[in-house]
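Input sequences plus hints: build the corresponding full structure.
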Amino acid sequence: MKVGGGSLMTTLLAAMLAAAALSLFIGYAPLPFSQVVGGLFVGGNDTASVIMREIRLPRMLLGLVAGAALGTSGAVLQGLLRNPLAEPSVTGVSAFAALGAVIAMYFGISTMWPLALPLMAIAGALLSALLLFAVSARDSGVLTLILAGVALSSLAGALTALALNLAPNPYAVSEIVFWLLGSIKDRSLQDFLIAAPFVAVGVAILLTTGRSLDALTLGEDAAQSLGIDMRALARWSALGVALAVGGSVAVTGTIGFVGLVVPHLLRPFVGHQPSKLLVPSAIGAALLITLADIGVRLVPSRAELMLGVFTSLAGAPFFLWLVMRLRREMR
Amino acid sequence: MTTLKLHDVGVMLGAHRALDGVSLTFEPGELVGIMGPNGAGKSTMLRAAAGLLPLTGGEVHVRDRAITAWQRHDLARVVSFLPQGGTVHWPLTVRALVALGRLPHRGPFGRIGLADETAIEAAMAACEVEMLADKPVTRLSGGERARVLLARALAAEAPILLADEPFAQLDPSHQLHAMEVLQAAARKGTLVLVVLHDLSVAARFCDRIVLLSAGRVVADGKPDAVLTREILSKTFGVDALIGVHGDARYVVPLRRNTGTDGQ
Numbered sequence: 001m002k003v004g005g006g007s008l009m010t011t012l013l014a015a016m017l018a019a020a021a022l023s024l025f026i027g028y029a030p031l032p033f034s035q036v037v038g039g040l041f042v043g044g045n046d047t048a049s050v051i052m053r054e055i056r057l058p059r060m061l062l063g064l065v066a067g068a069a070l071g072t073s074g075a076v077l078q079g080l081l082r083n084p085l086a087e088p089s090v091t092g093v094s095a096f097a098a099l100g101a102v103i104a105m106y107f108g109i110s111t112m113w114p115l116a117l118p119l120m121a122i123a124g125a126l127l128s129a130l131l132l133f134a135v136s137a138r139d140s141g142v143l144t145l146i147l148a149g150v151a152l153s154s155l156a157g158a159l160t161a162l163a164l165n166l167a168p169n170p171y172a173v174s175e176i177v178f179w180l181l182g183s184i185k186d187r188s189l190q191d192f193l194i195a196a197p198f199v200a201v202g203v204a205i206l207l208t209t210g211r212s213l214d215a216l217t218l219g220e221d222a223a224q225s226l227g228i229d230m231r232a233l234a235r236w237s238a239l240g241v242a243l244a245v246g247g248s249v250a251v252t253g254t255i256g257f258v259g260l261v262v263p264h265l266l267r268p269f270v271g272h273q274p275s276k277l278l279v280p281s282a283i284g285a286a287l288l289i290t291l292a293d294i295g296v297r298l299v300p301s302r303a304e305l306m307l308g309v310f311t312s313l314a315g316a317p318f319f320l321w322l323v324m325r326l327r328r329e330m331r
Numbered sequence: 001m002t003t004l005k006l007h008d009v010g011v012m013l014g015a016h017r018a019l020d021g022v023s024l025t026f027e028p029g030e031l032v033g034i035m036g037p038n039g040a041g042k043s044t045m046l047r048a049a050a051g052l053l054p055l056t057g058g059e060v061h062v063r064d065r066a067i068t069a070w071q072r073h074d075l076a077r078v079v080s081f082l083p084q085g086g087t088v089h090w091p092l093t094v095r096a097l098v099a100l101g102r103l104p105h106r107g108p109f110g111r112i113g114l115a116d117e118t119a120i121e122a123a124m125a126a127c128e129v130e131m132l133a134d135k136p137v138t139r140l141s142g143g144e145r146a147r148v149l150l151a152r153a154l155a156a157e158a159p160i161l162l163a164d165e166p167f168a169q170l171d172p173s174h175q176l177h178a179m180e181v182l183q184a185a186a187r188k189g190t191l192v193l194v195v196l197h198d199l200s201v202a203a204r205f206c207d208r209i210v211l212l213s214a215g216r217v218v219a220d221g222k223p224d225a226v227l228t229r230e231i232l233s234k235t236f237g238v239d240a241l242i243g244v245h246g247d248a249r250y251v252v253p254l255r256r257n258t259g260t261d262g263q
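The listed protein sequences derive, respectively, from chains A and B. Counting from 1, position 123 in the first sequence corresponds to residue 123 in the numbering used here; the numbering is continuous, with no gaps. Counting from 1, position 69 in the second sequence corresponds to residue 69 in the numbering used here; the numbering is continuous, with no gaps.
These are computed hints drawn from the structure, not numbers from a lab. Not one of these hints is a red herring.
Just so you have them, the derived chain A footprint on chain B, three or more residues with Cβ under 8 Å: (1) 76-82; (2) 85-99.
With the C-beta cut set under 7 Å, the calculated list includes, among others, these residues of chain A facing chain B: (3) Arg82; (4) Gly227; (5) Gln273.
Residues from chain B shown here face chain A by an in silico Cβ test under 8 Å; the list is partial: (6) Arg47; (7) Ala50; (8) Leu52; (9) Arg72; (10) His73; (11) Leu103; (12) Pro104.
By construction, the Cβ of each residue, glycine as well, lies at the ideal position given by its N, Cα and C atoms.
This is how it looks when you write it as structure tokens:
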């Protein structure tokens, strides 16, 4: 199944660019080719330009950013915990990021200071990642990880529910609930500009962990004897995951299971080597989110299906299947 | 130059005193068998020597420098450690796995260079796993996997090799072969510390045997000085048959010796 790393990357990149370009042509206002291109590059204040620049372009860019964040985070978490089930949403990291964002919205901090939204989300993600590593550092068993994820998700869910429960303004509640479902539609270019730098730094940090993750294939003792500082690696990874996931969740809400599915599907193509999985996972997840987001636009439902709902509908059964398969292999 | 020195090393694992006042000095080129009953502290000693454990007392010196003063990355080029159990978390190919042994030699973004390739090939050849090079590790038998992991540890070409029970799953022929591999490494100047249980294999191949019991060194010396009926009876609580066949010594535990308590 192994193909050259270069050709896999080229294929994924080409597919991602094609999907991103395609996504610009799909929307509720049918625009002919000339208007799509013209709206993007020529400018002006006509409807086509506004649609392209303020609706479709941010949506496309955010899909790529969220995908890169979730794919890389999933691949790093799986390598670090040596567990194919690790992923931002399964481990509760996304839920904590969402909690941070909800607090920023709830107290209205984010309206006064837009950067509070990603910063609070990053703080939430960082807290949960550190908790997760503390729990599953020594024992990276499937069960420990899932239980830690359940505990963290429940805690974040409970606190989020508490915030909603106490919210003075029902309009704010419904807005937050919809945001929590996860979507990249109706986001502005400013939203993209808020998320992108954090995600970029986070992903850059995560991409430096490859060699350490390779060494961890042999377990912690062997990895340390190969020169890896485990505690530094855990902290560094937590920071990278927090910046990437926090930055992205702050703008998109939780989009689950993408970080689980993509590394899992790509792993056989890179000879199962954790370091070689990172970049393909980033591109692959960006591709998957873009495709899924085209999908939700094409589904003829009255209210548009939320992207997070869509990925969970497809991802959760996949997760269950993976759990069952791993149980068979490990017992 | 002293390659590895343990001075009055003590290690507590929880409330359990796993090592207590262990002082040992090792020179380059020695093949040392670390032996002792289960729970004697053999693995703990090896992990302490690899700098993987906080010491509660004493010091470990690698090349006349306290192990705590080493950068982990530099230490990795000097000490190669093969842990017990043979964990491999992902189904890497054999070649990719052996290549992990070269990680300490590669720069931050370093690719595998010519020296790395040579070391990887040599290690795979020494352990006779070249024909498995493209197989996923998870498809190997226990014995094949043990040899691949030994090749990984050898590929580092470190002057000190610490191997914790690497041959538990090897058949007699491969066990002899693996000991020959370690002996060859020692003859080239590598200090090899290997935890093993087979008394005859130890007697036959090791230059020196360190016998641990309850976290302390109870005997240290040439195999025929350490593996005596008296010491084996006291340490393992077994009566042993010791003899020489041709040029090979054998030590066979015959029956449990109920007179002593194994301490």
